Structure formats: C-alpha cells, structure tokens
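Chains as they are written, first to last, in numbering that gives the first Met the number 0: chain A, 0 to 537; chain B, 0 to 321; chain C, 0 to 262.
What the hints contain is simulated information worked out from the structure, not anything from laboratory work. Predicted model, so just to flag it, every value in this text is computed and none were measured. Glycine is no exception: its CB is placed at the ideal position from the N, C-alpha and C atoms. Please note: incorrect hints may appear among the correct ones.
As the list claims (entries may be wrong) - Covered by chain A, per the in silico footprint, the following chain C stretches (three or more residues, Cβ under 8 Å):
#, segment
1, 42 to 56
2, 109 to 119
3, 157 to 169
4, 218 to 228
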Amino acid sequence: MSIPRVLLYVAGALAAAVLGLSATAAARETASPPKPRFGGTLVVASGDPGPLNPGITSSGQAHPVTGEIFNGLVRLNRHFDPVPDLARSWSVSKDGKTYTFNLEPKVRWHDGHVFSSLDVKFTYEEILLKLHPRTRTLADVIESIKTPSKNVVVFRLKHRYAPFLTWLDEDNGAILPRHLYQGTDPLTNPVNLRPIGTGPFKFESYASGDRVVLVRNADYFKAGLPRLDRLVFRFMQSAQAAQAFEAGEIDVYMFPSGPDSLRFLNRPGVTVTERGREGSARVVPLILNLKRSPFDDVRVRRAIAWALDTDFIARTAYAGVLKPAKSPLTRFIGWAYTPKVQQYSHDLTRANALLDAAGLRRGSGGGVRFRTSLIYDSGFARQAELIKTQLGEVGIGIDLKLMDMNSWVRKLYIDKDFDMGYTNFTHPADPDVGWKRIYVCSNIVQAPFTNGSQYCNPEVDRLFAQAAGELDQKKRGDIYKRLQRKLQSDLPVIPLVDGIGPWILRSSEFRGFGNSGSKEQFFFGEKVWWTKGTATRG
Amino acid sequence: MRPDSFAVFLLRRLVSGIVLLAMVTAATFVLITAAPGDTAQVLAGQAGADPAYLALIRRRLQLDRPLPYQIAAYLRQSAQGDLGFSVIQGRPVRDAIGGRLLASLLLAGTAFFLAALLGVTLGVIAAHRRGGVVDAAISVISLLAYSLPVFWLGQLLIALFAVRLHWLPAGGMRSADGSGGFGDVVHHLALPAVTLSLLLMALIVRVTRTAMSEALVEDYVSAARAKGASEPRVLIRHALPNALRPVVTVLTGYLGLILTGAVLVETVFVWPGLGRLLYDSVLARDTPVLAGLLLLSATLVVAANILADVLYRALDPRTALR
Amino acid sequence: MVGGLFLLAMIGATVFAALAAGDPFQPSETILRSPSRLHPLGTDELGRDILSRILSGAATTLKIAIVPPAVAAAVGTLVGLLAGYYGGLLDEVLLKLMEFTLVVPRFLIALVAAAFFGGHLWLVGLVLAATFWPSTARLVRAETISLREREFVAASRSLGASDGWILSRHLLLLVAPVVAVNSSFQAGQAALIEAGLAFLGVGDRNVVSWGAMLADAQSYLQVGWWTSVFPGIALASMVLALNLLGDGLADTWNVRGREAARG
Chain A
0 MSIPRVLLYV
10 AGALAAAVLG
20 LSATAAARET
30 ASPPKPRFGG
40 TLVVASGDPG
50 PLNPGITSSG
60 QAHPVTGEIF
70 NGLVRLNRHF
80 DPVPDLARSW
90 SVSKDGKTYT
100 FNLEPKVRWH
110 DGHVFSSLDV
120 KFTYEEILLK
130 LHPRTRTLAD
140 VIESIKTPSK
150 NVVVFRLKHR
160 YAPFLTWLDE
170 DNGAILPRHL
180 YQGTDPLTNP
190 VNLRPIGTGP
200 FKFESYASGD
210 RVVLVRNADY
220 FKAGLPRLDR
230 LVFRFMQSAQ
240 AAQAFEAGEI
250 DVYMFPSGPD
260 SLRFLNRPGV
270 TVTERGREGS
280 ARVVPLILNL
290 KRSPFDDVRV
300 RRAIAWALDT
310 DFIARTAYAG
320 VLKPAKSPLT
330 RFIGWAYTPK
340 VQQYSHDLTR
350 ANALLDAAGL
360 RRGSGGGVRF
370 RTSLIYDSGF
380 ARQAELIKTQ
390 LGEVGIGIDL
400 KLMDMNSWVR
410 KLYIDKDFDM
420 GYTNFTHPAD
430 PDVGWKRIYV
440 CSNIVQAPFT
450 NGSQYCNPEV
460 DRLFAQAAGE
470 LDQKKRGDIY
480 KRLQRKLQSD
490 LPVIPLVDGI
500 GPWILRSSEF
510 RGFGNSGSKE
520 QFFFGEKVWW
530 TKGTATRG
Chain B
0 MRPDSFAVFL
10 LRRLVSGIVL
20 LAMVTAATFV
30 LITAAPGDTA
40 QVLAGQAGAD
50 PAYLALIRRR
60 LQLDRPLPYQ
70 IAAYLRQSAQ
80 GDLGFSVIQG
90 RPVRDAIGGR
100 LLASLLLAGT
110 AFFLAALLGV
120 TLGVIAAHRR
130 GGVVDAAISV
140 ISLLAYSLPV
150 FWLGQLLIAL
160 FAVRLHWLPA
170 GGMRSADGSG
180 GFGDVVHHLA
190 LPAVTLSLLL
200 MALIVRVTRT
210 AMSEALVEDY
220 VSAARAKGAS
230 EPRVLIRHAL
240 PNALRPVVTV
250 LTGYLGLILT
260 GAVLVETVFV
270 WPGLGRLLYD
280 SVLARDTPVL
290 AGLLLLSATL
300 VVAANILADV
310 LYRALDPRTA
320 LR
Chain C
0 MVGGLFLLAM
10 IGATVFAALA
20 AGDPFQPSET
30 ILRSPSRLHP
40 LGTDELGRDI
50 LSRILSGAAT
60 TLKIAIVPPA
70 VAAAVGTLVG
80 LLAGYYGGLL
90 DEVLLKLMEF
100 TLVVPRFLIA
110 LVAAAFFGGH
120 LWLVGLVLAA
130 TFWPSTARLV
140 RAETISLRER
150 EFVAASRSLG
160 ASDGWILSRH
170 LLLLVAPVVA
180 VNSSFQAGQA
190 ALIEAGLAFL
200 GVGDRNVVSW
210 GAMLADAQSY
220 LQVGWWTSVF
230 PGIALASMVL
240 ALNLLGDGLA
250 DTWNVRGREA
260 ARG
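Use the sequences and the hints to build the structure in full.
So this is what it looks like as structure tokens:
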C-alpha cells in the first residue's frame, strides 16, 4: 500500500470511528439502555475558569463549570432544540412577540432560598442585558419582562425574532440568585468565587491554579439526578492533559489536538467522540483584510482559495477529524446548510492564472508575487505553517505572526491591523447568532469576533435581516442557502475546515454523556453516571 | 566594623532598594499597558462584545484614565499593600497571589534544599578527590545539570515515571479525590522539585568545589591534619565552614530568581504556583496580577541582594573571629 | 575546548543544511514516521523531516546565541571601560542603570515582551542584548578599576599616551578574556531562553526553533519518541558546548567562570 493511501486509511478510520463509535454507542444505549448507577467522582481536565459568574462572561472555560451549577430557562438538546430547564413549559403568542414561561415550582437555591420569577426578571434586567457580552444585544429585542406570579415570567419582544428561545440556555441566560446579587457590583461580588445556583451540582471549593470541586445537589429539582457524587475540574493545558489522561489521572479531556485523538482511537475503554459538542460546530475561516491591497481584489481571494490544499490541512493538522469545508456555513446546521456552492479544489494553475490576471506577477528574483502576513494564536500554529508553505508555491510570501490570543484578537478585530488572520469562532445553534456576525456591515465594529474582514454588501445584509424575521424554518433555510452561494463567490473569508473536534473520555467508567447543544457546555453532568457505582442511591 | 556603620549601611541599602522598586514598578506598568489587548476584551471572551460594553467595562476598571494617573495610583496603593483587583480572577490581587504562595514556597523550598544538600555534598567530595575519576564524574554531572533544558527533562521524566511506570503522578499538587494529605503532596512534589533543583545544584557543586579546594590548602587545615584529626572531621569541621560563604552568596542570589525557572517547570508539571500564575496572567492579559507578580519578583531580588550583602558581612571570617 | 569544536561542527552543519538539506517546512503525507534511511531522525506530525528541522533550528539557535551576547559584549565593554576608567558621575549613573535592569529577571521580561508584542527573533534578541550588557559592563568596570592603577597605565600616561590610546591598546585587550568568558555563558543562556519562550508558545514561527519542536512533540512522546528526543539532544548539546567553551576559556585565561556570569 502506498504511503498516501495508508494515511487516507488512517484518517478515514478515525473519522469513521469518531462518528461511528458515537453512533454505535448511541445505538447500544437506545437498544438496551443500561441502568444508571449512582456515586463516583468524575475528573475533567479544563482551563482555569476564573470567576464563576455565568451572567457576566461568555468564556469557554467558565461555562463548562457554571453549566453544572446554574440553569437557564431552557436547555438546548443536541439538535439545538430548546427543552425544559427552569421553565417546565412555555407558549408563544400568535404575533410571535410574547413568550410566557411556566417555571418549575419547587426549586431552591443551593443556600436554601426559594427560587422565583423575580430571580429571572432581576438576572435579565440587571445582569444579562447589561453585562453579558453576547446577551447584551438582546436589549434591542426585549421590550419588557413581567412576573404575573411567582412561577410565571412573560417576555414581550419589540419585534418577531426567530432564534429567541435558543438564547435562553445557561450559556447566554444563566439565572442568578437575586438575593445575593441585588445592590452589588456583579463584576466584583465575592459570590462569584463561591457561586450559589439551582443546578445539579453545588460548589465546594476552588483552589487557584489547581481545581474546582463540585458536589451533588441532593435537593435538585429534577428527581433522581444527578447521579455522580462529585465533579472535579483540574486546570491544565492540552499537552499536559494528554499525559494526565495516559497516566489515568483524569477521565475527560476536552480539546485534544488532532493527532492526539488518533492515538486514543483504538484504546480499549476510551471513547473519542464529537457527540455532545455539536454546539461547537464551526467553519474555521482564513480572514482577509478587504481594506488592504491586494485582498480587495476578488481574483486574489479566489486565487488563494484555489492555492490552498484544505484537504491536506484537514488530514494532517486536524488528523481528519475536521473535514475540508464545502461551504462557509457548518454542515451541522443541517436545515440551513448547502454544499451546492462554488468549490475551490487544490489547483495551482488556476491560482497562478488569477494572480497573473490581477497584475501580481512573479518577480524575477525568487518569484515572489507579493509579501503579506498572517496573525494567529497557538491554536493555529500547525495550520499556519502549512498555509505559509502552500501559498509559497504560488508566489505569496507570508510572514507568520504568532501571538497570544489577546494580541491577536486586538490586531484583528479592534485595530484591524492585519493582512490575513484566522478565527475559531463557532456557529452555535442558529446562523443568526453565530454566523451572521462575520459578514454584516453593521458588525464592522471595534469588538472581538465581529466582521474582521470588513466585508460590506447591502444585499447580504438584507438577506440576513429577512432570515431573522422569517419564522418558517424551511423558508429561512432557503435564504441562508442563497447567502452561502453569494459568500462563497465573494470570499470575504476563505473557509478552511468544517467540524466540531472530538473529546476524549474514559467510557469504561463513565456513561451518559453528550446530549447538549449549548455552545460552551458540551455535556450535562446531571445525567452522567459511573459504571462502578451503586445500583440505588443509598 | 562599628555597629552604627552597619546600621547606616543597612538603612542606605533599604532606601535605595525601595527607590529602585518604585522605578521598576513604574517601568513594568508602562510595558504592560503598552501592550495590545486589555482586561475588558478578555472578559468579552471568544464570543465577542460590542464597543459600548467594552467602554463600560473600561470605565468601571478605570482603564480609560491617562497612564501617569494610573501609574501614580498604582504606586500609591501598592505602597499601602493594596495591589488592586483582578477582574479575570474575580478576587483581589493579594488573594490571587497569596493563594499560590504556599505551593510556590513548597516547590522552591524543596528545590533549594535539595540543591544545597546535594550540591554541597558533591562539591566537597569533588574537592576531596580533586583530579580523580570521581571528581571528573561529578563535574560531568554538574555540567549536564547546568545545560539540560528543564522543560525537556520534565517531559522525559513524566513520560518515564508517570505514563510508563505509573510510579509518580504526571502533574498537579494533589490527587483528584483530594485525599492523601501530606504524603500525597510529597508524591506530587518529587519530579518538579528535582527538575527545578538541578541548575542550582550544578552551580553549588562548582562553587563548593572551588572554595573547598582553596580551603583545603590553608594553614589551619594542615594544622588540624597535623594534630591527627580524621579526614571527615577535617573536611566538615575545618574546611567546610570557610567554603560556605560563597555558597550562601550563590543561594541568596538565586532566591530572587526562583520564579523564573519555576515558570517552565510549573507549566510542564501543572504545579499551581506563582510561575504558572504569571504565565497564565500574561496570556489572560490579567494586568493587575501581572504587575503584582513582577513587583513581587523585583522585591524578592532586591531583598535577596540586601540579604546577600548582610550575610556576606556576617559570614566574613574576619568579623566572625572577633 | 571540546565545546569549541562542537560549536564549529554545528556551524558547519548549519552551513551544510542551508546548502544541501531538505526544506524544514515542507510537509508530506508521511506523518510521524520513525527514523529510516529516507528520514534519518524520523518525521513529525505534519510529515516534515526532523533532521532538516534540527539543522534549520541550529541556525536559529546560533543566531540568538551569538548576536545578542556579541552586541552586549560590545556595548558592555565600551560602557564598562568608560565608567571604570573615568569614574565620577558616569559611573554613578551606570551603576544605577545596571541595578535597575538586573532587578526583573530577563526571562520574565522576555516572556512578557514576546507574548505582548509577538515573539519575533529580533525582539527576543533585543531584550536579551538589553539585559545582557549591564552584567558585562559591571565585570569590565570592576576589571578596569583594578587595572587603571597599575604601573603600565601610569607609565603610558607619563609617556604622553592619550586616554583613547590607553583604553583601546591596553585595557581593551586586558578585559577581553573576562568578556569572552562571560559572553559564552550568556550564549548558553540565550539559547535556553529562546527555546523556553518557543516552548511556552510565544516564539517566532517563521524560523524553526528547537523549543517549539519540543512543545509540539509533547503530545507525541508516547507514539513518536523521536519527535522529542532528537531536538532535546540538539538543544542540550548546544548549551553544553557553549558552557564547555566558557569553562575552557576560563581555564585558559584563568578567569572566574560560570558563577560570576550569573547576573
């Protein structure tokens, strides 16, 4: 067998296993669901979460922890459909502008205080709509919040807004205890370091630089849950987590590098899966600064797309776990996704011809057409080196600028001082929430994770607005498909790879993962159970 | 030396040390705030935020004030022991640093102890067997220890002792279940402490060897030998005390630098100490914590230098004889 | 002098690498292959030849090990000579400045600067040169103070020699050994600091760095030991060679060695 074929085989096997294993695991669970057992400690490798106040941050390190301590009004299942959480049911008025939520009646905060609709109103009005980096934008949508009774909350919207319910999960809408936050500064309130929530686990301790420990909430409002006794989040970086997992010190390991997933693939008792991280589905784009020559020329952008071998990047830097992108939108939002758009395969002849046509001829010395730079952080290190080599073949010289995340965000989004960049932002739940922000004129602002390429096309803006007001999903999907065709032709950003990225868990010991569609919180700890636990809660 | 002149000397050193610290603090503050990115942006996180949000946070954190104002305020507050508030960590900087101090002291203390013990022992042996095979072997060891990159050595130790043999944990300071107490911590401490101690040990071996070699040819050593003292006694009671002075100088000199080496060792071994806090706060753009740590580091260096001067005088054989 | 020989070999290898060896950035389909005839030291996770990368990394390491200490030697010698020879206000100012730059450990300054402003090699070099020269200057100053009272200086002066002549013809030659020994230890430090920064992920990705290779290899130690072992050996040998060189020079010229070079 030739070497490339071996590699294809390995990558294929991995992809099959990542998708297949989870499928068989799911099949097994539905075929004869094993009876959950009780007790045990789950150890998760994570980043240091910082303050545990989900109302003031959208940090991907805080929410995996706070998601176990707090609840939103709804949860998102893995198809991004809202399912009950603190709200046991809800109804929407005919005009689509009034949402009435019936709350769970017997919910207590971890300190024993009774939970009520006033907590919801307070959290939205005083914290989320003022300080949550994403949910703040809902202030333009929500007209009023009323609490006709202790267990009922009514949201009145200014206009119809299709994705409203997907905003109400713990990520974007964690409900905080009014009795502890009222009259305080939520940024500095010491409660942030010993949080009180309504969730399945209670906060026990937070050792700086070391770990957060959560323990079972015996009074959780969902009967029989949670099943574990303790959840421990140990702070470590990816490379250290791989070693700790090998050494048996952790059970779940969140962001393995591509090749890392490979090595755990056929390990007995270990599962490599993407299931439960659907909320993190994304297309990783190469962002071009359209305000700078020569990227203002669409021929140059297309030439770059033709020159890039995304297939190779996906197979090596992502070990085949992420796929070459076929569209600017992730394939995981099935109702809106289409691959029937312009495809740019790896074709150096076309790339060279387009660059020649754009007047960027190879100079006599070294054959470099133009020099440019690429800014990125360590999460993109291998990819950046491949891009440099690949674009070098068509005469584009790249200066690699590796920087820490904050500098890179600053250069790309605040100062717009860059030629090429990349971003890892996800397209969670709804294209209107996660995807639109990359392209619309109104989002050319000095803020992180906005329209960094500064692409502005009134037609695109109009289509996005039309889609947001359309309540029929089929019709909405058609609009998003038109957008994908348009964007793949204009190429303000060049889609590289599409996917979720797996996580790794010790499945011989822990079951019940993976039914969350929330962006930052990829598993519901409340349903996870330990295979060596006791049959009943004793 | 007259006693009052020593007091004057100490006072002068202290005053100039404090002035120096104030200057260094101001300089590091400028460096940190000149960097792109700030706390408000970090708080916004991956998901992004609008400019109004960033402006609001900056106003709350006084990041919108002019730089000289910020520096002056920082100097004034830090002089009173108030290092500010870390929004990233959600706690005062003093607590953020204090929370890591114990882990750092444990690691650094153990490494210092190991380095001093092994370094002096090997140095004495090398000097005693000067020119022989043992001496050569020790000098090779010390040269290796001085040249090995700690982060690479750490990787190899983890691969061998944690992943392959399962004798020692791969990282952290305590087991996941939190049980085990002191023995558990020692178990976790072994690899990082040994790794961190090597460089210092190598230096101490060399210093001890040189000083002992010089001491061993002094008259009082010959005199002790002539009186029939046993060789270990000659080495330990007569020669060693004189050789210790340069060792102490090296040790105190490194006291202030212990954070530096620890950044890499703590990162590799996931040790929850100040080194990793520093690295994390650089990446998280946690300006108040970073400024606090640099101030702490500078204070340690200045204090260690003063201590070295004091010890140097105190251990001077001529003053000790009187 | 073993160190010197090794160093020469490394420089030779680097030149050879620049002429003959493969492209250290060229990826291939053969990922994580163990050493073979085609790839004597194996390939990394992107299928790049590790031997080519190590040779290319040698050039990076040599640059950072030679240039900043050399700049520091030049600046430090000049300033140290002037301060030691003339004393007075210049000396006072210099002493304060040296104290100032030695207070925050250079690795921390380099780490903060590289993380905040991007870890380009020249920036790291600049930080190193800026933090190396004061210790050189301090050594040269001390040496000059002890030399300037010697008879031959007085003799030269009485014969009508200018200060410039004395400084450049006599003192410069006499302080040179101290500077050379100090610089070779600084070179070893510089190599380790560059690798350490790259290991922490704030290095320069346009060039191959052994530290970055070691950082990338962390995840593959179990499946591809060669990704970590060979760059590690290369880095350790280079630092060892520089330290041996320093030791050798110190012995030859009877200068105090490593422990003095710490600052």
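Taking the hints in turn, this is what the structure says about them:
1. Evaluation of the coverage hint for the segment 42 to 56 of chain C: fulfilled, as 3 residues show C-beta separations to chain A shorter than 8 Å, against a requirement of three.
2. Under a criterion of three residues with beta carbons nearer than 8 Å to beta carbons of chain A, the stated coverage of the segment 109 to 119 of chain C is upheld, 6 such residues being counted.
3. Coverage of the segment 157 to 169 of chain C by chain A is violated [criterion: at least 3 residues with CB-CB distance below 8 Å; count 0].
4. Counting residues of the segment 218 to 228 of chain C whose C-beta sits closer than 8 Å to any C-beta of chain A gives 5, which meets the bar of three, so the coverage hint holds.
Checked against the numbered hints given earlier, the structure breaks only hint 3 and satisfies all the rest.
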